[in-house]
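Participant: Okay, here's what each chain looks like letter by letter:
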Amino acid sequence: MARFAMAIDTTRCVGCMDCVVACKTENDVPEGLCRDWIVQEARGAFPDLRLEIRSERCNHCDHPPCVHCCPTGASHVESFGSLVEIDPKLCIGCKACLAACPYDARTIHPDGYADKCTFCIHRLKEGLEPACVAVCPTHCMHFGDLDDPASEVSRLVAARRNHSLIPEAGTGPRIFFLT
Amino acid sequence: MIELTTTRANELVDPLLHVWGWEIPVYLFLGGWVAGIMILSGWFLLTDRSRSVRCSCYLMPSVAIGLLSLGMGALFLDLEHKLYVWRLYTTFEATSPMSWGSWILLLVYPALVFTVLLRVPAPVAERFPALDRLSERLLSRPRWLWVAGGANIALGILLGIYTGILLSALGARPLWNSSVLGPLFLASGLSTAAAFGHMVSREVEEREILARVDNFLLGGELALFGLLLVGLATSGEVAQAAARLVLGGPYTAVFWVLVIGLGIVLPLVVQSLAVRHVIRHTVVAPLLVMAGGVALRFVIVAAGQASQWPVL
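Chains as they are written, first to last, in my numbering: chain A, 1 to 179; chain B, 1001 to 1312.
Be careful, since some hints might not be right.
So, partial list: chain B residues that the calculated Cβ filter (under 10 Å) puts toward chain A [stated by the list, open to error]: (1) L1004; (2) W1020; (3) I1024; (4) H1081; (5) K1082; (6) Y1084; (7) T1090; (8) P1110; (9) V1113; (10) W1309; (11) V1311.
Don't read these hints as lab results, they were simulated from the structure. Where is the CB? At the ideal position from N, CA and C, for every residue including glycine.
Assemble the whole structure, with the sequences as input and the hints as a guide.
Facilitator: Below is the structure:
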């Protein structure tokens, strides 16, 4: 079983939001909601400022608290790429998973079930990349199997300095921001 | 200086998590109250005091059936995908407190109904003589009292602690992420049940017992609150930030005035004077205890949603 992950080169990302628009178009994300978003983090004091632009989404964690707290099994780790997915037919909309996610990556679809980034699993099964990765004009997003040492993601994470979000929460996030 | 700018503005999670409104605090309060009733009823049944404290043993469990139904109604109202609620009972998810809770609630109903059947309320017995005869047959065998008492205590403890663990298992919200929350909610539920019995019982002896029990529980609650806050305030930065929500932050006033002051300390003082026969027993202290229980759930649920890990 693959363990899909994403590496995002923050030195290339310009925050153009093409990934956000691609996701909304590909997944028919309802108006007012988004499954991925852009965060700009400015650190330091003038003139020693450092800007990091990140395209963020569900981290498809190795130890997903959203899955552990789900009372119906709607949130689950699927077998194709170890991705955290939601079965709307099982979801009761209790919102425990929204409260359990330290990244606040989930939301409630207007139809009542929990919703979030799927890494475009429907495209992955056709051999395509997630929509956000496919459209990125700066090619800052890289996608692949973290368990395959030869994959581009594995090589980048091994070779480049990187960080993930809130690793101290113990969730094992699988999105790596290259710096 | 760190400045974050985000394009995300999702409903329910931005700018701060606000997924649970009034329904969940009400559900947690009513669930805790029912748990407290079950434990008190079970304890009195097991210690063979059912003749002197009939209200706690038999009347309160019948009220609890209604309270539990109201609580589950509030929980149902909170669900966003209501027609799929039956999915709770097509699986058991061992890591999910909510799954545990849904199955515990399913067991609580028969335990409460069985306890009520031990001594059917007079108006019901008059209308349904068969139920009265059933009560007589059950009471003729002390074994059934033990079964009802044991089941009530076990399920009451599970239900009471569950209402706290439901929140404390959510590690993403540092204010909730304390093992003290389960015992705290259990103590609060027991205190609410004792206060309710103190308020509605017509037996002087029962009211006296329940007031003393309630005083002990209120003292326990204060100790547990102390442990909760000390634990958070002496832990890492994330937990310290969570503690500051009620120690100088936006929830300080409601927490210290409504939950601690009016909900615990004042009724503790009033009831302490009442059990020493300095003043008369009135409904004031029990009502304050119950209102404090409601305030506790509202404050903890709201403040917990405002506590988060810094995404830096």
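Participant: Hint by hint, say whether it matches the structure.
Facilitator: Hint check results:
1. L1004: Cβ of B/L1004 sits 5 Å from chain A, so the hint holds.
2. W1020: 7 Å, holds
3. I1024: Since the shortest Cβ distance to chain A is 9 Å, the answer is holds.
4. H1081: Since chain A brings a Cβ to about 3 Å from B/H1081, closer than 10 Å, the hint holds.
5. K1082: 7 Å, holds
6. Y1084: 5 Å, holds
7. T1090: 7 Å, holds
8. P1110: 21 Å, violated
9. V1113: 24 Å, violated
10. W1309: Given a least distance of 5 Å, the restraint on B/W1309 holds.
11. V1311: Constraint on B/V1311 satisfied, holds at 6 Å.
In this structure, the hints that do not hold are numbers 8, 9, in rising order.
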